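Asker: Chain by chain, the residues run as shown.
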Amino acid sequence: MDLWLSEDQRLIQESCRNYLDAECQPRVVRQAYDTDLTFDRRLWAGIQEVGATGVAIPEQFGGLGLGMMELALLSEELGRHATPFFLEGHNIAGLAIALGGSPKQRDKLLPGLASGDKVATLAMLTMDRSREQTTRSTPSPSADRLYFVPLADVADLFVVELGDGRVGILERDGTEVEVRALDSIDCSRKFFEITFDPSAIDVLPNISSDVLSSAALTVLAADAFGAATRLVEETTVYAKTRRQFGFPIGQFQSVKHQLAELALSAISTRGLFWDAAMSFDNDPRASLRSASMAKAHITQQSMYVARQSVELHGGIGFTWECDVQLFFKRIMFDRNYLGTPEFHRERCATLAGWCK
Amino acid sequence: MKDLSQENYDVMRSKARDFCATSWPLSGPEADLPFREQVICWQKHAINAGFLHRSVPAEYGGGGMAPDIRAEMIIKREFAESDVPYLESTPNGPQFLVPALLECGTETQNQKYIERTLTGEFDWCQGYSEPNAGSDLAALSSRAELTNDGWLINGQKIWTSNAHSANMMFGVFRTEKDAKRHRGVSFLIVPMDTPGILARPIKTMHGSVDDICEVFFDDVIVPAENIVGERGDGWRVTRSVLKYERLWLADTSVVRVQFNRLLTLAEQTLRGGRPAITDPHIRQTLSEIEAWVRCQELLIERLIAAESHGAGEQLDGEMQFVKLLATKTQDAVAQLAFDLIAESGLLAPKGAELTTLQNLPKIVSERRWANAFFASLANALGGGTSNMQRNAIGENLLGLPRDIRGAG
Ligand SMILES: Cc1cc2nc3c(=O)[nH]c(=O)nc-3n(C[C@H](O)[C@H](O)[C@H](O)COP(=O)(O)OP(=O)(O)OC[C@H]3O[C@@H](n4cnc5c(N)ncnc54)[C@H](O)[C@@H]3O)c2cc1C
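Protein chains in written order, with this note's numbering: chain A, 16 to 371; chain B, -19 to 388.
Worth flagging that the hints you see were computed from the coordinates, not collected in a lab.
Errors might be hidden in some of the hints.
Computed footprint of chain A on chain B; a stretch qualifies when at least three of its residues, placed anywhere within it, have a C-beta under 8 Å from a C-beta of chain A [what the hints assert, rightly or not]:
id : region
1  : 15 to 21
2  : 279 to 291
3  : 298 to 305
4  : 360 to 371
5  : 375 to 384
On a predicted model such as this, the values are computed, not experimentally measured, just so you know.
Each residue gets a CB set at the ideal place from its N, CA and C atoms; glycine is no exception.
Chain A with its partners taken away, still in its complex shape (with noise of 0.2 Å):
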């Protein structure tokens, strides 16, 4: 395995960066933070012209063909541009059924979802409460609802990690499906509370929920990366445009230090994501634990980073009107949804075999 970017995955990541800078700047994120928007659908359908709904299906269904080291670094960018509306969790379930889906379920959904046509999301397990705190499960057996779901307002298909291990597909034209809007702190991914009758739930055969969730923590990894380099970025611009004590506060030792420490945690955790990215594409079942690894360091260092940048850009950036804002949740989101470090960093150990 070649840590490396072919000149093909160099030339997408610019052009999803060259996009995004384009059309998702910071004013396009807050519209939904001050509008009751959940879904752009002008951002939405700039996004399908170029082909971002379809990453990694197969070229036969219409997408781009691609794996997930592309995903992942799609998933830097929409992390840097806190860009709405899980786009990450519309490519992990297109993903999921190119992968695990039978022929027929292959064929019947793919195209729809290559093109963006269709939206897909994730239903995922969360934290169980009611137990040790580093377990995840479903609430019982006989879950009718889930909490957590981003982008289940709009999405016409919902990917869900079922308890025992198994991922199945819930379509909305087929069943009922009852949402509500939970109040979200990252309005970038609102989420929703799904009620469902889980008889309607067909299973794809041929793909497991840790599979499921290499991928899904993979690209949560990348997101946050993104965002915290973006962060480490801005904040430097800003130590060296605000003049305090007649010089730019970025020449003030403390300052410089702080800021040298944030590009090291969050620059230097670049390999974890790459590497989850790429054992995933080498064999997806072998990769779980580097994706829980870069999950849990690269959203634990990104979190100290966005606490950071907002200490260094004083006042202004403890109010809303400040940037920083829309990263800082950006991250909250990316640490605590889908397991928290310490689940991950415990289901390392557990992987590793350290505690038999």
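Given chain A, work out where chain B with the ligand should sit, using these hints.
Answerer: Relative to chain A, chain B with the ligand alone:
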């Protein structure tokens, strides 16, 4: 650089492993030599077998092969896991000076110094720091004056690692009276047995008198040809040496081995009758430390990949993190080990010499681990303090305004 296929690397790994198993301890008459000479013999065998100093040209006693960092990493990892004495001599000569000589030395100097350095015959110490020139190295004041007999050196160095045991020193001295700060220094080679040199050990906080020295120069004379680079060009040579020192610090085989030993310690230490590693807090901390180790390993993996595509310079920015990363990791390892050994960590460390990167206890020897609690701090100081690393990252990588700089 030509890369081998994965298969060939696997072959190389098993060959290195076999070599470790069969080459040490020595056999025959060599086995009766004093330990230091045995190390020299073994290093010669390792060079001849193509495992050590592979990319140093053959005419200077190296392997004469094209550089291949991946192969070197694989070999080092095997060496570090076994008992072979590949880290017995200090890295100063073979790892830092030799590549710098290849960049800045003359043919005569390369002939004279490189081979004997690789085999360990020349054992080097580094003479940079002075009482009034630490982080601000350009303030150094030990002088060397060119006379008819050669360079006449007077002054003092301090914190010089291994000066009492080394037979050679390289270092920087002020040679140009009229040039200021770094523009007035030259890089000189000084045999430690030259009359007028006094190396006095400094007792360290953990009680060792075997690690660092202060070195006094009293009318010391060395030949005029002992200058590397031009007069007044010593700063460039020094930067080259320090560059290789930082690369060496990035040696991930060592960090991984260190982590593995910490794992062993956590498995073998009992808590309430059960292995400490079964305690969720301990194993989660281990997972966290391993993530730091991985960051460093993967950075180097990426460097290797970039080099093999002829684009190593793309990683120049991120490589600036290496020393701080290594310091962080070692710090975390030492702190968790201190937790694990509990009261035993309060007994004076055994084997007083610094348990640095290269020789952490292989077995669970609690008193050696106590040493790591001190040694991990040396990494935050030697080769440029952590604060100086942060200055460099802030200014070179992030482009923040420069700090106040030495006057004059
Ligand atoms: C175990 C050990 C081995 C060593 N081996 C060698 C050797 O072989 N050869 C050799 O030449 N030297 C060696 N050194 C010396 C080492 O390089 C110096 O100790 C180091 O560069 C710091 O210099 P100093 O001790 O004078 O501290 P100072 O420079 O006085 O620093 C004291 C404190 O001030 C901080 N500081 C200083 N300037 C700044 C600044 N501009 N911005 C922010 N903070 C600053 C430093 O970070 C440090 O925390 C060794 C040191 C140790 C501990």
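Asker: Per the coverage rule (Cβ-Cβ under 8 Å, at least three residues), is the region 279 to 291 of chain B covered by chain A?
Answerer: holds (count 8)
Asker: For the region 15 to 21 of chain B, does the count of residues with a C-beta closer than 8 Å to a C-beta of chain A reach 3?
Answerer: violated (count 0)
Asker: Report holds or violated for chain A covering the region 375 to 384 of chain B, Cβ cut-off 8 Å, minimum 3 residues.
Answerer: Our answer is that it holds, as 8 residues pass the Cβ test (under 8 Å) against chain A, meeting three.
Asker: If you count the residues of the region 298 to 305 of chain B with a beta-carbon closer than 8 Å to a beta-carbon of chain A, do you get 3 or more?
Answerer: holds (count 4)
Asker: Examine the region 360 to 371 of chain B: at least three residues should have C-beta closer than 8 Å to a C-beta of chain A.
Answerer: holds (count 4)
Of the numbered hints given earlier, the model fails hint 1 alone.
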